[in-house]
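Protein chains: 2
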Amino acid sequence: MRKIGIQQIEDIALGASLLGAGGGGDPYIGKLMAIGAVRECGEVTLISPEEVPDSALIMPIAMMGAPTVLCEKGIGGTEYKRIFEMVERYFGRKVYATMPMEAGGVNSMLPIAAAARLGLPMIDCDGMGRAFPELQMVTFTIGGVSATPMALTDEKGNSVIFETITNHWTEELARAVTMSCGGSVTCSLYVMDGKTMKAYSVHDIVTRSEQLGKAIRNVKNATSGTPEENFLAFSEGVRLFKGKISDVLRTTDGKFNLGRVQLEGIGDCKGHHGEVTFQNENLCASVDGKILATAPDLICLVDTETFIPVTTDGLKYGKRVLVVGLKCYPMWRTPRGLELVGPRYFGIDADYIPVEERVKGGAVNV
Amino acid sequence: MRKIGIQQIEDIALGASLLGAGGGGDPYIGKLMAIGAVRECGEVTLISPEEVPDSALIMPIAMMGAPTVLCEKGIGGTEYKRIFEMVERYFGRKVYATMPMEAGGVNSMLPIAAAARLGLPMIDCDGMGRAFPELQMVTFTIGGVSATPMALTDEKGNSVIFETITNHWTEELARAVTMSCGGSVTCSLYVMDGKTMKAYSVHDIVTRSEQLGKAIRNVKNATSGTPEENFLAFSEGVRLFKGKISDVLRTTDGKFNLGRVQLEGIGDCKGHHGEVTFQNENLCASVDGKILATAPDLICLVDTETFIPVTTDGLKYGKRVLVVGLKCYPMWRTPRGLELVGPRYFGIDADYIPVEERVKGGAVNV
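Just so you know, the sequences run in chain order X and A.
Counted from 1, the first sequence has number 313 at position 313 by the UniProt record's numbering; the numbering is strictly sequential.
Counted from 1, the second sequence has number 131 at position 131 by the UniProt record's numbering; the numbering is strictly sequential.
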């Protein structure tokens, strides 16, 4: 058990932008909400999964929809309280704690804001260990946990409770309501007991995020090694490519931001060609036509100088980036995990091979 | 208090197709469901509004979506029970009775099926006195009654509870879910107490519907007067036009069936031209360019021989129809009523004038 204040929020947000793997939304706006809530209501207590009683009722908090909409439309002052009351009323029990469902991107921040405003502790875990675009893409789905009852509310005061036959149906119906509410809503889903949370969540991911953020912030202060070496060491990242963005192609299917970024090699990658495709998050990285990493491993583009992660929204011509692969949470590498978030689910015609195996023998420097 | 059996269902369904004013869906498929339920579970007890205690909890039942989808997709055996359990759980109280929200079209039948299957009495009232296309278009909205909490379920087993800030928002969000569920769902909305039901519902509309159906069935058996005279007498209808359908133009905006039917005068209307526009229901009838009736008055097209109502779905070239205007429920003629369902809401550039005033002095026979 420890406290999360403003410096911790800054670091968690920076780490979360790396775990977002290009997606999940820039945590900036969420960071402002978390800081605002902590300034108003005091620091948040972070507890480890092991500290939670098996029978405790856990209410995860997330935003659903387009993070870019969130920047325009915001979250009012009443959403968390309304969700909290809906959940307590539905279950007829007290909520013990909240937790993030998605450690990557803006959803790393909103549970902090909710915890501060509701006076609840937040658990150091999530259901992804990264960011993913659809709500059934969580470790809890692997564990057979239902996303519903799911409570959803918008900033105007409309609220909805879903009970669905599968988590894909939750995604379908909640997505439709989210669009009708203007593109972004606040919700609680996968409400569960402490025992389930302990069994299936990605433990200690908030702390991991904070450590990553702190390390990025201090990447140039190390006494030995180059900043790049330091970055790869603390992020446990596999270096995939280094290049200058030569083109960005974007499309949308109404629900997701789809696209493809072209990279012209620089430094030791000069003369080679890199490509990263994305659907909100980065999905597949290849060099000279050879796939080096796919979802569910994390494919992260970071600035070659500052090592600050670049979200897919922020990709632009001329930017120099290091492409890094991070191992995903082991549960995603199981058959059930790959069925949910493997490359084929996203339309990539390739079997999943762990990033560290794909680059064995140094495919990086070509 | 009286019983509703198969003959009553037949008559109510026929009357409901007149009160549908062209829309609300052909009650045929609903009739089969009501008859099936009564055969399996026994006759339904119909009670008058006055028999209901002020504090009783009333659970109206309706389908939302496209009646034509209902023909393909049906309603399974479990929807009414699920809605019932959702409502009782939400309110923490026993449901006393059900009622129709819409006396016109297919929604006249589903509450009978629900009442039979749940062993509940049905109240002899509704919230429209006809059919309308959107869920906020009920007398209860005039009375300031909230449509929510609204319970919705599909035939697959997905269910949703809405709480919205206005009845327009209920329409917006429930419509989105209905579309995602495949275009038709079962729901309960405007759950209310007996006192509210008595204050704002259209009383005795089920009995009125049954009487209309019985009269249509017997229209040729009268001992005096022509069948047309008899039809106009018992329906209290204003004769607007008699013609042969010369053209039907249909469009859709994804949510509604829109269109326009052209009529070439026959009999005493020969040489004149009639036109009826519709959005699910008939909205406006004019002869030689002069408006003779608009919503919220009921504009009904009936077969000139059998006097069986023709729904907008059933309009086709060559069919001979009598166009009749029926006075709407008086509450619709108030300023608040006209704001909800007056001609301007439906995009008709005309003030509302009651049908009986528009045809004063015999505009009918031109």
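It is worth saying that the hints were derived from the structure and are not from the lab.
Check before you lean on any hint, since a few could be wrong.
Copies of the same chain are indistinguishable here, so a pair counts whether it falls within one copy or spans any two.
Stated by the list, open to error - Derived SDA-like pairs: lysine to any residue, alpha-carbon spacing no greater than 25 Å straight-line: (1) Lys3 <-> Tyr90; (2) Lys290 <-> Arg208; (3) Lys327 <-> Met179; (4) Lys220 <-> Glu43; (5) Lys73 <-> Ile291; (6) Lys94 <-> Leu32; (7) Lys220 <-> Arg250; (8) Lys255 <-> Ala176; (9) Lys316 <-> Glu275; (10) Lys81 <-> Lys316; (11) Lys156 <-> Gly143; (12) Lys156 <-> Thr306; (13) Lys156 <-> Ser146; (14) Lys156 <-> Ile142; (15) Lys73 <-> Ala176; (16) Lys255 <-> Ile6; (17) Lys195 <-> Arg344; (18) Lys156 <-> Val145; (19) Lys214 <-> Thr166; (20) Lys316 <-> Gly182; (21) Lys94 <-> Cys41; (22) Lys81 <-> Pro149; (23) Lys94 <-> Thr252; (24) Lys3 <-> Thr223; (25) Lys290 <-> Gly143; (26) Lys220 <-> Met331; (27) Lys316 <-> Ser224; (28) Lys73 <-> Ile165; (29) Lys195 <-> Gly42.
From a predicted model like this one, the values you see are computed outputs, not experimental measurements.
Now for the hints, and whether the structure bears them out:
1. Neither within a single protomer nor between protomers do Lys3 and Tyr90 lie at most 25 Å apart by alpha-carbon distance, with minima of 30 Å and 37 Å respectively.
2. In this homomeric assembly, Lys290 and Arg208 never come within 25 Å of each other (Cα to Cα): the closest approach is 31 Å inside a single copy and 75 Å across copies.
3. Taking CA atoms no more than 25 Å apart as the test, Lys327 paired with Met179 passes in neither setting, with 33 Å inside one copy and 39 Å between copies.
4. With identical chains, the CA atoms of Lys220 and Glu43 are never at most 25 Å apart, being 29 Å at best within one copy and 82 Å at best between copies.
5. Proximity of Lys73 and Ile291 under a CA criterion of 25 Å is satisfied in neither setting, with 38 Å inside one chain copy and 45 Å between copies.
6. In this assembly of identical chains, the alpha carbons of Lys94 and Leu32 never lie at most 25 Å apart, being 28 Å within a copy and 46 Å across copies at closest.
7. Taking CA atoms no more than 25 Å apart as the test, Lys220 paired with Arg250 passes in neither setting, with 33 Å inside one copy and 68 Å between copies.
8. For the homomeric pair Lys255 and Ala176, the shortest alpha-carbon distances inside one copy (10 Å) and between copies (15 Å) are both at most 25 Å.
9. In the homo-oligomer, the alpha carbons of Lys316 and Glu275 lie at most 25 Å apart inside one protomer (14 Å), although the nearest pairing across protomers, at 58 Å, exceeds that limit.
10. For a Cα distance limit of 25 Å, the shortest separation of Lys81 from Lys316 qualifies neither inside one copy, at 39 Å, nor across copies, at 55 Å.
11. Only between protomers do Lys156 and Gly143 lie at most 25 Å apart by alpha-carbon distance; the minimum there is 23 Å, versus 34 Å within a single protomer.
12. In this assembly of identical chains, the alpha carbons of Lys156 and Thr306 never lie at most 25 Å apart, being 39 Å within a copy and 52 Å across copies at closest.
13. For the identical chains of this complex, Lys156 and Ser146 are inter-copy neighbours only, at 16 Å across copies versus 27 Å inside a copy, given an alpha-carbon limit of 25 Å.
14. In this assembly of identical chains, Lys156 and Ile142 lie within 25 Å of each other by CA distance solely across copies; the values are 22 Å between and 34 Å within a copy.
15. Taking the shortest alpha-carbon separations for Lys73 and Ala176, both the intra-copy value of 18 Å and the inter-copy value of 21 Å come in at or below 25 Å.
16. Taking the shortest alpha-carbon separations for Lys255 and Ile6, neither the intra-copy value of 33 Å nor the inter-copy value of 48 Å comes in at or below 25 Å.
17. Within a single copy, Lys195 and Arg344 get their C-alpha atoms no closer than 32 Å, and across copies no closer than 58 Å, so neither meets the 25 Å cut-off.
18. Within a single copy, Lys156 and Val145 get their C-alpha atoms only as close as 30 Å, which misses the 25 Å cut-off; across copies the closest is 19 Å, which meets it.
19. For the identical chains of this complex, Lys214 and Thr166 are neighbours neither inside a copy (39 Å) nor across copies (46 Å), given an alpha-carbon limit of 25 Å.
20. For the homomeric pair Lys316 and Gly182, neither the shortest alpha-carbon distance inside one copy (27 Å) nor that between copies (40 Å) is at most 25 Å.
21. Taking CA atoms no more than 25 Å apart as the test, Lys94 paired with Cys41 passes inside one copy only; the shortest distance there is 20 Å, against 41 Å between copies.
22. In this assembly of identical chains, Lys81 and Pro149 lie within 25 Å of each other by CA distance both inside one copy and across copies; the values are 17 Å within and 18 Å between.
23. In this assembly of identical chains, Lys94 and Thr252 lie within 25 Å of each other by CA distance neither inside one copy nor across copies; the values are 41 Å within and 48 Å between.
24. For the identical chains of this complex, Lys3 and Thr223 are neighbours neither inside a copy (29 Å) nor across copies (90 Å), given an alpha-carbon limit of 25 Å.
25. Taking identical chains as interchangeable, the C-alpha atoms of Lys290 and Gly143 are never at most 25 Å apart, the minima being 34 Å within one chain and 67 Å between chains.
26. Proximity of Lys220 to Met331 under the C-alpha cut-off of 25 Å is found in neither arrangement, the shortest distances being 33 Å within a copy and 75 Å between copies.
27. In this homomeric assembly, Lys316 and Ser224 never come within 25 Å of each other (Cα to Cα): the closest approach is 32 Å inside a single copy and 85 Å across copies.
28. Taking the shortest Cα distances, Lys73 and Ile165 sit within 25 Å of each other only across copies (18 Å), while inside one copy they are farther apart (31 Å).
29. When the C-alpha separation of Lys195 and Gly42 is checked against a cutoff of 25 Å, the pair qualifies neither within a copy, at 28 Å, nor between copies, at 47 Å.
Hint check: violations occur at hints 1, 2, 3, 4, 5, 6, 7, 10, 12, 16, 17, 19, 20, 23, 24, 25, 26, 27 and 29; the rest are consistent with the structure.
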